[in-house]
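In order, the protein sequences belong to chains Z and A.
In case it helps, my numbering puts the first sequence at residues 1 to 209.
In case it helps, my numbering puts the second sequence at residues 1001 to 1209.
These aren't lab readings, by the way, just hints derived from the structure by calculation.
Any given hint could be a false lead.
[What the hints assert, rightly or not] Here are the computed lysine to aspartate or glutamate pairs in the EDC-like style, where the Cα-Cα straight-line distance is at most 20 Å:
| id | chain 1 | residue 1 | chain 2 | residue 2 |
| --- | --- | --- | --- | --- |
| 1 | Z | K187 | A | D1157 |
| 2 | Z | K187 | A | D1156 |
| 3 | Z | K187 | A | D1169 |
| 4 | A | K1085 | A | D1051 |
[Stated by the list, open to error] Footprint (simulated), chain Z over chain A, 3 or more residues, beta carbon under 8 Å:
| id | segment |
| --- | --- |
| 5 | 1116-1127 |
| 6 | 1145-1151 |
| 7 | 1163-1177 |
| 8 | 1181-1192 |
| 9 | 1195-1205 |
Just so it is clear, CB atoms sit at the ideal spot from N, CA and C, and this is done for glycine as well.
2 protein chains.
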Amino acid sequence: MNKKGLLIVISGFSGVGKGTAVKKLVEKYGYSLSVSATTRAPRTGEVDGVDYHFKTVEEFEQLIDYNGFIEWAQYVENYYGTPKKFVEDELSKGNNVILEIEVQGAMHIKEQYPDAVLIFITAPDAQTLKNRLEGRGTEDEKVIAKRLKRAFEETDDMVAYDYLVVNDDLDVCVDDIHSVICAEGFKSSRNREYMQNMKSELEVIRNNK
Amino acid sequence: MNKKGLLIVISGFSGVGKGTAVKKLVEKYGYSLSVSATTRAPRTGEVDGVDYHFKTVEEFEQLIDYNGFIEWAQYVENYYGTPKKFVEDELSKGNNVILEIEVQGAMHIKEQYPDAVLIFITAPDAQTLKNRLEGRGTEDEKVIAKRLKRAFEETDDMVAYDYLVVNDDLDVCVDDIHSVICAEGFKSSRNREYMQNMKSELEVIRNNK
């Protein structure tokens, strides 16, 4: 069956727990995780190559010039980008690659990789989302209001995703995402070679009778 | 999320074990199974309402006249059909309905229910399929040759199915089909109502701040 790896793009509302879900997908099911490059300074505890590939502005701009990113963007004076080589190497090895990215980046990726699977992680309902943002306890009211505004805007972007997966229980959410990825691998559109082989083999077997 | 039941159409090569897979899907995951109607005589051990709804030719023809079937066909002088009421009642109750049917019937169903999920069960390779047909021990060489010819022709029909699932190990095959059905329920195209609700709820929550 389908031998090529799948590119899985995961987005979701702020506070919905997508980082934790992605971490668990990698641990439990062995997906390859694409690590972004950035020019922002590492925060305490962040490890180069694990949380981000930390780059200088000069390094980053050179990589842009050499077409080293699938997509990149600038937020609040910092660059963020998805290194191309890692993703393409993993896909050609037949590995499924997960990429956690915000909506705009996801759209850029879909343009270049129409076969990519876009998954949006959401909350059971808006009140739950608000409770989670408040429950973090690290953000003040202003930040929460800003995140809710952004979530409101992002509801219009959900339609561009292939799947919506609710994160109510983390383990269920992770297994649901895994089911989606498995199912994508079974799509007949991804298995044309298998069909052709089956046809040729059946022809040989019938003629040998 | 998606509240409406899914119509799942399962076909597959003769000898591939689709009957056993469907039986296990119903037992393990509680899917509703659509039972076909037929005018052929019951075979030893077949139970009316379980294996088929056994009908007289008069009864069957009346049901055709009253639009009682989603699809029907005539093979070797016998009628076979899929009763419409059961399927539509289950779908509107939010239950997922499985329908095991051959390729032509599956195509008729897709025309009427474009949202139906079409799954084709196949073997790992042609030799395995041949071994299984021979292994049954109940068929003579002529019948096996005929089935292989039909399988060869059906390879061209696989492309019309949404998914191909290999039956190598029965339990894996059943779980794979279940994953496909779950994933279909997560499609954003099947969850427009959820998106709309999320948007309205977020608007209310933001305005209440």
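Original post:
Holds or violated: the segment 1145-1151 of chain A covered by chain Z, criterion of 3 or more residues with Cβ-Cβ distance under 8 Å?
Top reply: Per the Cβ count (4), the hint holds.
**OP:** Apply the coverage criterion to the segment 1116-1127 of chain A and chain Z: a residue qualifies when its Cβ sits closer than 8 Å to a Cβ of the chain, and three qualifying residues are needed.
**Re:** With 5 residues close enough to chain Z, the hint holds.
Original post:
Taking 20 Å as the top limit, are the C-alpha atoms of K187 of chain Z and D1156 of chain A close enough?
Top reply: holds (15 Å)
Original post:
Counting residues of the segment 1195-1205 of chain A with a beta carbon closer than 8 Å to any beta carbon of chain Z, are there 3 or more?
Top reply: n = 9 at 8 Å, threshold three: holds.
Original post:
Are there at least three residues in the segment 1181-1192 of chain A whose beta carbon sits under 8 Å from a beta carbon of chain Z?
Top reply: Coverage by chain Z holds for the segment 1181-1192 of chain A (8 residues, Cβ < 8 Å).
**OP:** Please work out if K1085 of chain A and D1051 of chain A have their alpha carbons no farther apart than 20 Å.
**Re:** holds (18 Å)
**OP:** Starting from K187 of chain Z, check that the Cα of D1169 of chain A is at most 20 Å away, please.
**Re:** holds (19 Å)
Original post:
the segment 1163-1177 of chain A covered by chain Z? Criterion: 3 or more residues, Cβ-Cβ distance below 8 Å.
Top reply: holds (count 5)
Original post:
Taken at face value, is the distance from the CA of D1157 of chain A to the CA of K187 of chain Z at most 20 Å?
Top reply: holds (14 Å)
Comparing the model with each earlier hint shows no violations; every hint is respected.
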